[in-house]
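Once you have looked at the hints, place chain B on chain A.
Number of protein chains: 2
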Amino acid sequence: MTYLDFYTNQSILITGGLGFIGSNLARRLADLGARVTLADSLIPAYGGNRFNIAGYEDRVRVNIADVRDPYSMRALVQGQDVLFNLAGQVSHLDSMEDPFTDLEINARSQLSILEACRHENPDIKVIYAGTRQQYGKPDYLPLDEEHLQHPTDVNGVNKMAGEWYHIVYHTAYDLAAASLRLTNIYGPRQLTRHNRQGFIGWFVRLAVEDETIRLYGDGSQLRDLCYVDDAVDAFLRAGASDAVNGQVYNLGGPGPVSLLELANLLVKIAGTGKVELIPWPAARKRIDIGDVYSSSAKIEAVLGWRPTTSLEEGLTRMVAYYRRYREYYW
Amino acid sequence: MTYLDFYTNQSILITGGLGFIGSNLARRLADLGARVTLADSLIPAYGGNRFNIAGYEDRVRVNIADVRDPYSMRALVQGQDVLFNLAGQVSHLDSMEDPFTDLEINARSQLSILEACRHENPDIKVIYAGTRQQYGKPDYLPLDEEHLQHPTDVNGVNKMAGEWYHIVYHTAYDLAAASLRLTNIYGPRQLTRHNRQGFIGWFVRLAVEDETIRLYGDGSQLRDLCYVDDAVDAFLRAGASDAVNGQVYNLGGPGPVSLLELANLLVKIAGTGKVELIPWPAARKRIDIGDVYSSSAKIEAVLGWRPTTSLEEGLTRMVAYYRRYREYYW
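Protein sequence lines correspond, in order, to chains A and B.
Reminder that position 88 of the first sequence reads as 128 in this note's numbering, one-by-one numbering, no gaps.
Reminder that position 147 of the second sequence reads as 187 in this note's numbering, one-by-one numbering, no gaps.
I should point out that these hints are in silico values taken from the structure, not numbers from a laboratory.
Be careful, since some hints might not be right.
Below, a list of computed lysine to any residue pairs in the SDA-like style, where the Cα atoms sit at most 20 Å apart [unchecked claim]:
| # | chain 1 | residue 1 | chain 2 | residue 2 |
| --- | --- | --- | --- | --- |
| 1 | B | 314 | B | 239 |
| 2 | B | 325 | A | 210 |
| 3 | B | 177 | B | 261 |
| 4 | A | 177 | B | 214 |
| 5 | B | 308 | B | 343 |
| 6 | A | 177 | B | 188 |
| 7 | A | 177 | A | 224 |
| 8 | B | 177 | A | 134 |
Using C-beta positions, here's what the derived DEER-type ranges look like [unchecked claim]:
| # | chain 1 | residue 1 | chain 2 | residue 2 | range |
| --- | --- | --- | --- | --- | --- |
| 9 | A | 84 | B | 254 | 53 to 61 Å |
| 10 | A | 179 | B | 48 | 35 to 43 Å |
| 11 | B | 363 | A | 118 | 52 to 60 Å |
| 12 | B | 330 | A | 140 | 35 to 43 Å |
Quick look at which bits of chain A chain B covers, simulated, 3 or more residues with Cβ under 8 Å [said to hold, decoys possible]:
| # | segment |
| --- | --- |
| 13 | 180 to 190 |
| 14 | 239 to 252 |
| 15 | 332 to 340 |
The model shown is predicted, which means the values in this text are computed figures rather than measured ones.
Ideal Cβ placement from N, Cα and C applies to all residues, glycine included.
Extracted from the complex, chain A is given alone in its bound form (with noise of 0.2 Å):
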């Protein structure tokens, strides 16, 4: 049986499910016959949207409740064979602006989820979406696992907490839980309606409307960039193996790339926008981590995965998705 067949009749709880992984990852488990239940709060600011799920409507169920409610999630996870915990607040930027909102959200709600799990159903299996933001400033590069986590913002601090939690549950109880430290992800479904979670949505949205991409100092700054086809397949194969409890896994891009060659290359594929070199601003510098990018050496040896997809395919298939539906979008 391979990990794609395991989830067969399998019941799947997604929070975050109307968001920009989960419902990517929602529609491919529908797609393998799995019975799919989504969580999410639709907080307008977040990433949930309902288009996210177009097609898909009669094939998941769409549960709208807040992960900081315990008394929902002591419900939801009962008789789920999987739960994929990717709820969170993920803008570095509001954290620092409202660090207790990131707090409840990234921290306090996840220990509620592990406790109804322990509770209610002690042998689900439960992914968690961590960040490759816990590690902060890197040390060395790539980051590997064995990289120390010293995270340079509020988020960074509660995110690595909520995957820790997920680890002392496992050892403490042996509940299933693995983590996936996630760089960064792009493609369709993607939150574009502002700039505060992530930089790539808000280019691509510049680029297809024809407008500045701007880009601090020389751009030359290295990120990676996984599809998020690539990243659901990495949930996919975590979730229907033993071998990952207890463990934490990077999923990085297929290799780092320039900020300025990534705007150039959008521009390119997109055949609208412009790039822009501006001046630092003195704050930004100020937290800015440089270059940063990881290796997915861990996770191939024991699941055998590895990005896939190519940048350039990857921005093709996303800003042709947001050429055509941009009014759910922005």
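Positioned in the frame of chain A, the structure of chain B alone reads:
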């Protein structure tokens, strides 16, 4: 000017100030001519004890307040030169039974305190009490600051988050904050009412009461213990140093000792009590972290600190203290 002279006429706030380390630090600071304010909730099961400042009642100001109360903290940090941030829920067992209370005290309250500092007193110095528990089961020994943090209980996760909020507030806002990751600290004024907050206070009580100290397995697990006067000295050095800002440091003991050696030495010093080896309870074996002790090389290099009190000397003073004042402690 030495680091001791630094404290003359300085205004110092100590959270958890009626607790074990806080009260020993407060007494020392009062002797050095500092203006000392102690914030403590006096939660019955925790370490706060009014007798801990016996003889110093007129030389320190006591303010009963819980760190979970953001209004009190906002008022208390105003006008302070140094905050020794020691308040915490320190029981690993309690953190598993009631993870939310542990989160409120060890994570959320730390954010409140840091927000209070940032808004009300951005020039304050903050020294946070971290714990070697943040490292979890060691990958190698002795633990140094390059060791990965992979805590094995909720308390370790929340202490890790609490520490990293401090470092983030240094990175993002230039707050002069640092963390000392404490190993097992022991000495006078330690809680001995119950055995939920570490073993050493409880062992001393058993010895003084001529009871049996029970060790799991063969008692060969190694630990290091740091006498409280040495720990206080480290806090004083760190609070007076600009070099520590944004840094984390281990505080270890003078060298590892097995629990059996420790218990036998304690019984010999006390002249009462006895030691018994019993089989591991399965639930305890599961969460046991084996041998653990810390290297203090990093803090020694920057601040010249090292633990100087031998285990024999420290235990002798501790036993004498509880022989004299046991009525106030159990």
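Mind checking the hinted window 35 to 43 Å against the Cβ distance between residue 330/B and residue 140/A? holds (37 Å)
When you take the CB atoms of residue 363/B and residue 118/A, is the distance between them in 52 to 60 Å? Cβ of residue 363/B to Cβ of residue 118/A: about 56 Å, so the range 52 to 60 Å holds.
Between the segment 180 to 190 of chain A and chain B, see if three or more residues pass the 8 Å beta-carbon test, and mark the coverage as holds or violated. holds (count 4)
Do three or more residues from the segment 332 to 340 of chain A put their C-beta atoms closer than 8 Å to C-beta atoms of chain B? As far as the segment 332 to 340 of chain A goes, the hint is violated, because 0 residues have Cβ atoms under 8 Å from chain B.
Given the hint that residue 325/B pairs with residue 210/A, test it: the Cα-Cα distance must not exceed 20 Å. Holds, at about 15 Å.
Just to make sure I understand the rule, a stretch counts as covered if three or more of its residues have a C-beta closer than 8 Å to a C-beta of the chain. Does the segment 239 to 252 of chain A meet that for chain B? violated (count 0)
Hinted pair, alpha-carbon criterion (20 Å max): residue 314/B, residue 239/B. Please report holds or violated. Holds, because 15 Å separates the two Cα atoms, which is no more than 20 Å.
Between residue 84/A and residue 254/B, is the Cβ distance one that fits in 53 to 61 Å? At roughly 58 Å between Cβ atoms, residue 254/B and residue 84/A fall inside 53 to 61 Å, so the hint holds.
Could you tell me whether the CB distance from residue 179/A to residue 48/B stays inside 35 to 43 Å? Holds: the Cβ-Cβ distance is about 39 Å, inside 35 to 43 Å.
Is it true that the CA of residue 308/B sits at most 20 Å from the CA of residue 343/B? With Cα atoms ~35 Å apart, residue 308/B and residue 343/B exceed 20 Å; violated.
Please verify whether residue 177/A and residue 188/B have alpha carbons no more than 20 Å apart. Given that 20 Å is the threshold and the Cα spacing comes to 16 Å, the pair holds.
Regarding the pair residue 177/B and residue 134/A, is the alpha-carbon distance no greater than 20 Å? violated (34 Å)
The structure fails to meet hints 5, 8, 14 and 15 from the earlier list, while all remaining hints are met.
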